[in-house]
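Line order of the protein sequences matches chains A and B. Here the working numbering is used: the first sequence runs in plain steps of one and ends on residue 320. Here the working numbering is used: the second sequence runs in plain steps of one and ends on residue 1253.
Hints listed in this document are in silico derivations from the structure and should not be mistaken for laboratory results. It is possible that some hints are incorrect.
[As the list claims (entries may be wrong)] Each computed DSBU-like pair below joins lysine-lysine, with the alpha-carbon atoms no more than 30 angstroms apart:
hint: 1; chain 1: B; residue 1: K1117; chain 2: A; residue 2: K15
hint: 2; chain 1: B; residue 1: K1055; chain 2: B; residue 2: K1117
hint: 3; chain 1: A; residue 1: K224; chain 2: B; residue 2: K1105
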Amino acid sequence: MRGQSPPLFTMRLFKILLVFIFFLLFSYFYLFNGAPSADVIQLRFVRFLLALFAGFSLSINGAVLQTITQNPLAEPYLVGISGGALIGYLIGLGVSLQSPFSLSLPAFLFSLVGVFITYKVASVKGSTRTELLVLTGVFINIFASSIVFLVAYFLNLSLDRIIYLLFGSLNIVIGDKELLFFYISIGLGFILEASLILLSRELDLIALGDEEAHSTGVNPEMVKKTVFIISSITTAFLVSFTGIIGFVGLIIPHITRSIFGKKHLTYLPSLLLTGGLFLLASDFVAKSLFSFELPLGSITSLFGIPFFFYMIMKRRHESI
Amino acid sequence: MKVFEVEKLTFSIGRKKILDDVSFHVKKGEWLLIAGPNGAGKSTLIKIASGLWKKESGNIKIWGKELGEYSSKELARMMGILHSSFKPLYNISVLDFVRLGIYAKTGFLSFYSGRDKKDVELAIETTEIEPFLDKGILNLSQGELQRVRIAKVLAQNPRIIVFDEPLLHLDIKHKVWVLELLARLRASGKTVITVIHDFSMAFSYPDRFLLLKNGKITYTGDREKQDELVKAFEDTFEIRLTLKDDFLLPDKD
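So here's chain B without its partners, still in its complex pose (with noise of 0.2 angstroms):
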């Protein structure tokens, strides 16, 4: 079953392409990632693909309908989407964020219910955030605020995740932490789409592969035929590469 399906998208800033002819598509309880080198496009892919921006041509498809035919409601219930960058007006408290995942599950003013309190408990101990729920979301750390903002995009309860740079700005622990925790989620049955720059660290978990340069598609396809694999990596970032114990290696000879 093809969760979401991207067709011959396009779109450009000004007369520069910054996506150009890309296809892909994800299967349930897949985990794709997406890769390329600094300005391939990968982000505007994310922003395009959870309907922040609008597409210019082509075709998104989640679960068989049209991106468009969604309400933002009925969008943020099925797909939870961690975007890059997060700057805040005002310093809330970490709960008051949380809570405010369930936005799209609760109808017009209503308030808290039961059920979405148990989405709320959940997200928090998964993330294991209750040591600072009552600190402001300015004052975490840079692996807490991850741990933070991930708690409320898994207080949505989506069944399709999608990370832009879960990684960025976090030391070695969290790093590790995030990817167990996308597999975790993936085990449970989710279907996880990543954009991740460090490939090095993250090589051995996802199922599916985009290679992303200048906008357009360099590799897509699962992990069977490794060696086609390591080598598109090698031609889209332009370095030579190992693969040595799960982990891509920049090699230095």
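One chain only, chain A, in its complex shape (with noise of 0.2 angstroms):
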């Protein structure tokens, strides 16, 4: 056995282990430090979950969407789904829904929307195309910031409010009433990114491309479209209640793919560990960093904007 490395399987599980015990540490961390009352723990449970959610949500929708769309830089925000979603949210509060629990349904139609025109711009020949993904996803982007200035003048939405739809933030109020319906729907939620774990053998081929899976014998449009729908779904939910946070689902998949490999039966169930502790770990920046709390999505932007631009330079030396 002497200067043997032990099995990968073993290193894979130590890793599991490592990441899953340091979730579980910085999880009460975030729940019990300093001694809150028990009001304040609940407060802090919704949020908890939320930020699982979010994680959870926006990582393995990022890591799904790379793979059919064969592209690494593919994430909810990117291909303009969250944009689609926004833009369906404030035309939800124009017709003056209120809750976010009804936001989501227009915001849900508007990021298939937004996902369709982005898939259809920037595929070519069943592979998408790295920058007409990414600029139509930043447009569509740009049309919803635009929108959300428009509504929020007409509407007269704070401008904390514009910050948070824009930025992202965790910082809802949900009242007793409503808790119990938050619950079921996150539960929901995180059943229906679940599913997704079942299409693992299908998303592993149709990563060597549409001809390969086929030949296979998977339908990589029916694998697609499910894709779309449950993403669609799940970020509109989201977006409803957090707005928009950017490039979650752009680091987290990579780096869990690093440390987990590549292998969508036990990469994507890593995404709630990993996403989640850095939905946590960024939120808790956000709001303890300086007296007042700072937006989410621009915290985890600050991280995502580097490590983006760090991914387009490695793609560039590897195509020359």
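Fit the two chains together into the complex; they arrive one by one in their own frames, and the hints show the way.
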């Protein structure tokens, strides 16, 4: 056994265990630091659940979008799902819907429109062109921001609200009456995202290209439609509660792949830990760095944008 | 027994007809070679005949049943297809890659069974890829990669083998290796359909030929009337050819 590295499997197990322990410790700290009262714990728990869902949802949607578009830069924000959802949300506000639950519906419809436009514009012969994908997504997001400002002007939205919509925040208040409904919706959201794990083998094959997947027995169109619909529903729900949180879906899948490997069956579930941990940590920084709360999306973008440039540079070198 | 039957197949992109009234068939245990100049519609034919692209009009039957009546999984259990382009997103290991070949034979989320393991092992043995099972698929030479891709097709254990340009980018040793492997597979009872550019070298292998030019069939038939066949190759490729020791070579004069 001298000089032999432990088998890959044991290494992976060890890494998962390590991340899991770290995740538990940080969750405990997030919920219970500073000896809080029961009421505070309940408030924190709602926020904790939302952070965990946001982290998991954004990362797993990013991961599966990267696979089905054959593009490592895809994620809900960059493919226009989040921007579309925000437009739907604002239209919902315009026709005087109030609760984030009811606003999820128009958000969902428009997120589908957003991703449909991006995908149609960017796909050339079955795989998406990076520059077209990113450009279209960015334009949909700029379009969404312009609508935010227009709507803000007509509906008298506060500056805080605008910032939170565009840069994301977990600072939401859920009334006691809505609490049960919130838990149920979040639970359904988790189930919906977890159902993507059932497509692991199909995704493994689609990562090899549509032709390869089809000749091995997968119907790529069916898998793609399923993924687009599930990520649109979950992102729309998330945007209605938290606004846009960018770049999580880009960074986390990439880092998670490098730790846990590229098989979707092990990699997708691990995103609950890594994505959750990243969002909890970012949120902790956002709310405790200064006496006032920073918008969460600005923290994630602060990490995400340099990472985005790093990925572009890396791809540029590889293509030479 | 007609394994593969195509009738009056037509396909266009925009106004351009890529395939125009194409009909042919392949019998059980035969090797069909499809050849034609660049842009003749060979790869399009493979993509439509394998169900990847939707046909415009015409009929495609496999074992007497319409192509559209099979599910994706059923098709993959019958037909092993090697497409010409291959652009994987991630660098997975050769072993993981070959194991994905058994997908169509397993149920929903079911894992690796004993019989599948045998198919994978046989595929690895046949293609002699044992030495680089732990390598990443993006770190292989062209010849190694082609053997690994073929191993994945063989792990499907298909009765019909469809290879689109299997010799592309290969050195001469690997070209001969692929042709000999296909000959062995046909000898074991499989039906083989190949698109091959380098027909000079492959000429002695197939039982039946399909020559295409501008989306139209210029010749279809077996090798019984050899002079006619050589003449058809000459007309299709607009080049003078001589048959020499089983090789169909360009004429220098």
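Is K1117/B within 30 angstroms of K15/A, Cα to Cα? Given pair K1117/B, K15/A holds - Cα atoms ~28 angstroms apart, limit 30 angstroms.
With a cut-off of 30 angstroms on the C-alpha distance, tell me whether K224/A and K1105/B pass. Holds, because 22 angstroms separates the two Cα atoms, which is no more than 30 angstroms.
Need the status of pair K1055/B, K1117/B: alpha-carbon distance at most 30 angstroms? It is violated: about 36 angstroms lies between the C-alpha atoms, which goes past 30 angstroms.
Violated hints amount to a single one, hint 2; each of the other numbered hints is respected by the structure.
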